[in-house]
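Asker: Residues per chain, in single letters:
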Amino acid sequence: MEHGSHSSEIAYTDSGAAHITPPSTYFKTYVILLVLMVATIAATFRDFGTVGNNAIAMAIATTKATLVVAYFMQVKGSSRLTIMWALIGFVTLPFMWATMVDYLTRDWIPHIGWQ
Amino acid sequence: MSVEAAHDAHGHHPVQYHQFEDMEQQNETYIVGMWSFLVTEIMFFGGLFLAYSIFRMNNQAIFTEAGHRYLEVDKGAFNTVVLLTSSLSMAMCVYYAQKADRVKQLLCLGFTLLCSFVFLGVKAMEWSKEFAEHHLPGANFAYVSDAHLSTAKAQIFFCLYFAMTGLHAIHVIVGILLMVVLGVLIAARRPGVKYYMPVEMFGLYWHFVDIVWIFLFPLFYLIPGKR
Chain A
1 MEHGSHSSEI
11 AYTDSGAAHI
21 TPPSTYFKTY
31 VILLVLMVAT
41 IAATFRDFGT
51 VGNNAIAMAI
61 ATTKATLVVA
71 YFMQVKGSSR
81 LTIMWALIGF
91 VTLPFMWATM
101 VDYLTRDWIP
111 HIGWQ
Chain B
1 MSVEAAHDAH
11 GHHPVQYHQF
21 EDMEQQNETY
31 IVGMWSFLVT
41 EIMFFGGLFL
51 AYSIFRMNNQ
61 AIFTEAGHRY
71 LEVDKGAFNT
81 VVLLTSSLSM
91 AMCVYYAQKA
101 DRVKQLLCLG
111 FTLLCSFVFL
121 GVKAMEWSKE
131 FAEHHLPGAN
141 FAYVSDAHLS
151 TAKAQIFFCL
161 YFAMTGLHAI
171 HVIVGILLMV
181 VLGVLIAARR
191 PGVKYYMPVE
201 MFGLYWHFVD
211 IVWIFLFPLF
221 YLIPGKR
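Order-wise, the sequence lines are chains A and B. To convert, note that position 45 of the first sequence is 45 in our numbering; the numbers rise steadily by one, no gaps. To convert, note that position 60 of the second sequence is 60 in our numbering; the numbers rise steadily by one, no gaps.
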């Protein structure tokens, strides 16, 4: 059927080539997010060493964020241009931590007046 | 002949603007535009997360002590559940907007709004406790450390705590204002919100606010170390 033959009400309902995520996907994502939240709390009360605990907490948070971006924000299955824009902020963000090259190495060589 | 009828007559979607080839291109333009804004938001919060990592790296002991003693994991966890639930209901709101189900769309938006108030309510409880205990950085700041750690360094922890959760709370408040505006427009059957895209745009914003909290929760409430 031609688009033009639709009534205007039906045409509004037509989401215009957008992919519609089924609610079951949203609910599954939600359950996984809750499980991951419980996991991150459980991990914090066990001792994996400071580095280990921090790594676990950040790995779980990153996984949760990825699930939100992919499924709740419907980036998975969208156009390449959208995926690029969705990733570019998260990809460039860690570059800010390059400043640690300075902060981590300050006391390698003692300088008068820096202590 | 109305504008809508004129559009329909030559096979256009009723909300398609003339500069776009088709709805696919128009929708992509909206979504890329919103994501460009979210990229600036990522960088905005990113600066604070960087400040947090530098100060925590240099003041691990005070961060652990202050975080463990004064931030309650159960309240933070409760708020995480509230925000995740609000994200789910927002996603469902977008779904019903795509299906043009106005009533269910409003119910989901209303539930998301309710969640955002619950979140702010819990945050207000936490903050008022901190205010009462003189943990707001400034002239009246007071902090007693078991390990004789410096008060000045405790202020750094609370500065970052209030700045980061505060900026996040401002985003929640902006979200509440936008939800009220969207809800009123949808309830009034305004043509601007008949198509699902405005709700989709707000949904992206709301999920972003959720992502920020996903990182704030472990960084402030779940700092590793003996409790």
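Bear in mind the hints are in silico, worked out from the structure with no lab data behind them. Beta carbons are placed, not taken as given, at the ideal position from N, Cα and C, and that holds for glycine. It is possible that part of the hints are untrue.
[As the list claims (entries may be wrong)] Here are the simulated DSBU-like cross-link-like pairs (lysine-lysine), alpha carbons at most 35 Å apart as the crow flies:
| hint | chain 1 | residue 1 | chain 2 | residue 2 |
| --- | --- | --- | --- | --- |
| 1 | A | K28 | B | K123 |
| 2 | B | K104 | B | K226 |
| 3 | B | K226 | B | K99 |
| 4 | B | K153 | B | K226 |
| 5 | B | K99 | A | K28 |
| 6 | A | K76 | B | K153 |
| 7 | B | K75 | B | K194 |
| 8 | B | K129 | B | K194 |
| 9 | B | K123 | B | K226 |
| 10 | A | K76 | B | K194 |
| 11 | B | K104 | A | K28 |
| 12 | B | K226 | A | K76 |
| 13 | B | K129 | A | K76 |
| 14 | A | K28 | B | K75 |
| 15 | B | K123 | A | K76 |
| 16 | B | K99 | B | K129 |
| 17 | B | K104 | B | K123 |
| 18 | B | K75 | B | K129 |
| 19 | B | K75 | B | K123 |
| 20 | A | K28 | B | K194 |
[What the hints assert, rightly or not] Here are the in silico distance ranges between beta carbons for each label pair:
| hint | chain 1 | residue 1 | chain 2 | residue 2 | range |
| --- | --- | --- | --- | --- | --- |
| 21 | A | G52 | B | S145 | 17 to 27 Å |
| 22 | A | D107 | B | L107 | 24 to 34 Å |
| 23 | B | F78 | A | P22 | 39 to 49 Å |
| 24 | B | G192 | A | P94 | 52 to 62 Å |
| 25 | B | E133 | A | A55 | 57 to 67 Å |
| 26 | B | A132 | A | A39 | 31 to 41 Å |
Asker: Of the numbered hints stated previously, which ones are contradicted by the structure, given in increasing order?
Answerer: 2, 3, 6, 7, 8, 12, 13, 16, 22, 23, 24, 25
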